[in-house]
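Using the hints provided, position chain E relative to the given structure of chain Y.
Chains as they are written, first to last, in my numbering: chain Y, 1 to 331; chain E, 332 to 990.
Be careful, since some hints might not be right.
[Stated by the list, open to error] Listed next, the in silico DSBU-like pairs over lysine-lysine satisfying Cα-Cα at most 35 Å (straight line):
id: 1; chain 1: Y; residue 1: K239; chain 2: E; residue 2: K972
id: 2; chain 1: Y; residue 1: K96; chain 2: E; residue 2: K972
id: 3; chain 1: E; residue 1: K940; chain 2: Y; residue 2: K96
It is worth saying that the hints were derived from the structure and are not from the lab.
In case you want the letters, here they are:
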Amino acid sequence: MQSLRQRLRESFNRRMRRWSIKRHGEDRLPLTLHRRRVYILPTGFGVLYGFILFGMLLAGLNYDNNLALALAFTLAALGVVAMHFCHRNLAGLELKAIEAEPLFAGETGALRVELLNSSRLERLDIELRAGDGAAVVVSIPAGERVSCRVPVEAKRRGRNHVARLAFETRFPLRLFRAWAWAYDCAEFIAYPKPLGNAPPPLIEPAQSGRHDTPSAGDEDFAGLREYRRGDSPRSVSWKAYARTAQLLSKEYSGAARRWLFLDLASAPGVDVEARLSQMTRWVVDAERAADAYALALPGVRVDLGLGAAHRSRCLLALALHGEPTTEAAPP
Amino acid sequence: MIESPRESLYRVRWTLLALGAGVLPHVRHLPVWVSAAVAVTGLWRLVIAHRQSPLPGRVLRLLGATVALVAVLATYRTVNGIEAGSALLALMAALKLLETRVLRDYVLLVLIGCFLLLAAILRDQSLVLLPYYALATWLAVAALAAVTRTSEAMPWRRAVALSGRMLLYAAPLAALLFLLFPRVPGPFWALPSSPRATSGLGDEMTPGDISDLTLSDEPAFRVRFHGSVPAPLERYWRGPVMHDFDGYTWRRSRGAFLPGQAPQYSGPRYEYRLMLEPNNRTWLFALDQPVAWRGDEAVFQSFDYQLNVARPVTQPLSYELASYTRHTSGGQLPLSVRHRDTQLPPGRNPRTLAFAAELRARNAGDAAYVRAVLDVFAREGFTYTLTPPRLDFDSVDDFLFHTRRGFCGHYASAFTMMMRAAGIPARVVTGYQGGVFNRVGGYWYISQANAHAWSEVWLEGNGWQRVDPTAVVAPGELEGAMDSTLAEGAAGSDRWLGIAEWVRNVQFAWDAANTWWRDRILEFDRLKQQALLESLGIPDPDWGKLGLLLAGGFAAFLVWITFALRRELRPRARDPLLAVYDRFCRAAARRGIERRPDEGPLDFAARLKRALPDAAQPIDTFIDGFVRARYLATDEPVDLKALARLARAFRRGRGRVSA
Chain Y
1 MQSLRQRLRE SFNRRMRRWS IKRHGEDRLP LTLHRRRVYI LPTGFGVLYG FILFGMLLAG
61 LNYDNNLALA LAFTLAALGV VAMHFCHRNL AGLELKAIEA EPLFAGETGA LRVELLNSSR
121 LERLDIELRA GDGAAVVVSI PAGERVSCRV PVEAKRRGRN HVARLAFETR FPLRLFRAWA
181 WAYDCAEFIA YPKPLGNAPP PLIEPAQSGR HDTPSAGDED FAGLREYRRG DSPRSVSWKA
241 YARTAQLLSK EYSGAARRWL FLDLASAPGV DVEARLSQMT RWVVDAERAA DAYALALPGV
301 RVDLGLGAAH RSRCLLALAL HGEPTTEAAP P
Chain E
332 MIESPRESLY RVRWTLLALG AGVLPHVRHL PVWVSAAVAV TGLWRLVIAH RQSPLPGRVL
392 RLLGATVALV AVLATYRTVN GIEAGSALLA LMAALKLLET RVLRDYVLLV LIGCFLLLAA
452 ILRDQSLVLL PYYALATWLA VAALAAVTRT SEAMPWRRAV ALSGRMLLYA APLAALLFLL
512 FPRVPGPFWA LPSSPRATSG LGDEMTPGDI SDLTLSDEPA FRVRFHGSVP APLERYWRGP
572 VMHDFDGYTW RRSRGAFLPG QAPQYSGPRY EYRLMLEPNN RTWLFALDQP VAWRGDEAVF
632 QSFDYQLNVA RPVTQPLSYE LASYTRHTSG GQLPLSVRHR DTQLPPGRNP RTLAFAAELR
692 ARNAGDAAYV RAVLDVFARE GFTYTLTPPR LDFDSVDDFL FHTRRGFCGH YASAFTMMMR
752 AAGIPARVVT GYQGGVFNRV GGYWYISQAN AHAWSEVWLE GNGWQRVDPT AVVAPGELEG
812 AMDSTLAEGA AGSDRWLGIA EWVRNVQFAW DAANTWWRDR ILEFDRLKQQ ALLESLGIPD
872 PDWGKLGLLL AGGFAAFLVW ITFALRRELR PRARDPLLAV YDRFCRAAAR RGIERRPDEG
932 PLDFAARLKR ALPDAAQPID TFIDGFVRAR YLATDEPVDL KALARLARAF RRGRGRVSA
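Just chain Y, same shape as in the assembly (with noise of 0.2 Å):
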């Protein structure tokens, strides 16, 4: 029975969206939360409200009493308003910009997702949220800009897609949900998840003295590159840039204890998934012990090298294994 709820409610989702997209087509980056795309419904607090007013109204019309009917009607009244302001407290919200952190697939990570409040109200209590994930609750003020992190998880290794980012909210009085969905605009990087306990193929000892030497750690200063995207902020030379407007990566030298070579060919099993996730193993391992490593899998291949921005080339060549390049790889 599970399934066939599961299955029902797929195909409904998949109705929204192709509903959604025949009305307000597809939804780009950035994305203006339109009033006509902002849906409402009363909560189940709100249906009860109304039953309570229903029985104010009868009271007072049976024991003759305006000022009991007063009542009611304002009541009324304000669940309208109530309506309203909370139809209000979403429409116009500006979605500026998403941006996933990488994280190992089975983890749950989060989503930043940049929201602008360009209006004169301060909106308040929305929530937020990825696909079937949990909920995150943000208050926006006027004419700000917030960002915040909405969780994820990863379900799989590779391109994982949100189909669909929820908002909702239910201020103020919780009468009335206010939502509105935003379809196929996330998506974010899972790399494999770490597993398996191979030792790592091919060790060398590290050759200090040769003038190639591929190893790059973080100990000494080297000198200047050019920037790479992936390159961390920290080590971008900002004197330097200041001075040529030329964005440059300070490169240091470090001394790594030993080479490791790893391709995918030397990954025990036969599962391509539980390969990765071996060569993961290794990747992670090997940049904890400060060992340089060099990456080769069919198509793809790192040179040697050691530090944050070597590591998430590495992982992003294996999360990427196999799933079509069209695209740039995000930042």
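Structure of chain E alone, referenced to chain Y:
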């Protein structure tokens, strides 16, 4: 989702406020133990929230609920009705406080607070309490807004301001609903009968029992004359008529359906509106004698010209009336009526009977006999007093031949008995006499202090005629209580004297405000609704028309609030120069080049020109003008219009623009 301690304290405080505002107006009706139990439980909950100690266990709560139910049953013998119902609701809400864990519990409690407020309103809707009710409603809405916040606590000022704004927005729709919602007459279910205190005149009169008639200034009713006003001595307001006398007490005839006579009326016809205070009685008052009446309730007249309604008047009731003060009836009195109104209890008040026989022998004509009896009252040393001695079993004997001190009831009783003893049909009429004119409100105020009793006798050829023996004893008492100083110890009658003029005006104004409130708001009923719509040019309004109007008004409200709220959504008013620049940037975005947030105007222009080489010139002109106006410290005035023109041209231009 279990709340954090801070959240809990915050929510408990707001919930207690809302609940307290609902319970407070009930306190003066509730038994002390209920109020005390609610207050103690509320404080307990507050302490728990402060100390973050655990809530009491389920057993204790169940025990509390059982005890409360049993105690309410023991006190009221029912859980039905406003009294018992609100007591039970208050107690249960207090117990519910002890198990609040999630948001839903608090929200429910705030709603219970609203319901208690409604119960309080059902009990008392006087003008004095209106500010309280308004504030309590506001407080309840603020509490609802505060407890339903999820991301963080809302400062109380914000909660109050937000709810106030929402209520202001709601006011037009509430007023619309109030004016146009169809008023359904009559109760849908039987109102639980509660022993309500009756006030004013009763259905029996026992002058001998009363040794101290305290006159209260409580209103009996108010009257607004539409045209001419009767002279003071004609302002007799007819109430219950007493027929049955047992020698001591006069009583109304219950279940008497006797034939009446339609007299011929003469003199001016007085038209007026009478606004009756609830007195829990089934009779109405009218200027003697009413000939026409119109009201929301079905009014019927009994054979003795008294106006009645089917159920006790528990809500303020207004009706339109017309009366003549002069009337004659040439016909014969039906025998059944004559029989009833000449009945005397055998063997009671023997001295009076003997005295009547003696007097009757000397005065053959009925009219002469009436004059002779009045002469006795005028000459034989009778005194009008509000503190008469108590009377014996044969009260009329005791009064006529012994005490000779009394108020209107004594004289009416004695006079009527003297008439019956002589075979003249007579009855005691109770009601009110006089009234004070409220200059501010333009109406007459008849208080309980105006209560009066007089006599009505049947004179052949004239019909029923009013005879007021009190007028013979204390004529001043009748010409408006205001000027009366005749009655000794008449604490009530000279209460208007010696009061500064402005105090009196304040009293008048306050009573006028109350009357307006009652007449226009509390008694806004089907008839007034119809009158209102007719005055707006909608003839013959029925439910269909009301529904259409209501729907139209509702639609108009929705349009209004949509636009009113959308206006608030607009960004803060910007520097007009920046607004023009924004417009330019939007135009560029439409052509595919969006300004990055970190891009200055010169960089943006350079990028723009690279992408749109055709439009290089207008871009330069605009950006140059903008940068000059914004960044150059010059005194030359900014030509905003020219810049705006350039921006517009750039938007339309697609490169074919010449600046």
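Against the structure, the hints:
Proximity of Y:K239 to E:K972 is assessed by CA-CA distance (about 44 Å); at most 35 Å being required, the pair is judged violated. For the given pair, Y:K96 sits about 32 Å from E:K972 by alpha-carbon distance, which is consistent with the 35 Å threshold. Distance restraint check for E:K940 and Y:K96: the Cα-Cα separation of roughly 26 Å lies within the 35 Å cut-off, and the hinted pair is therefore satisfied.
In this structure, only the earlier hint numbered 1 is contradicted, and the remaining ones agree with it.
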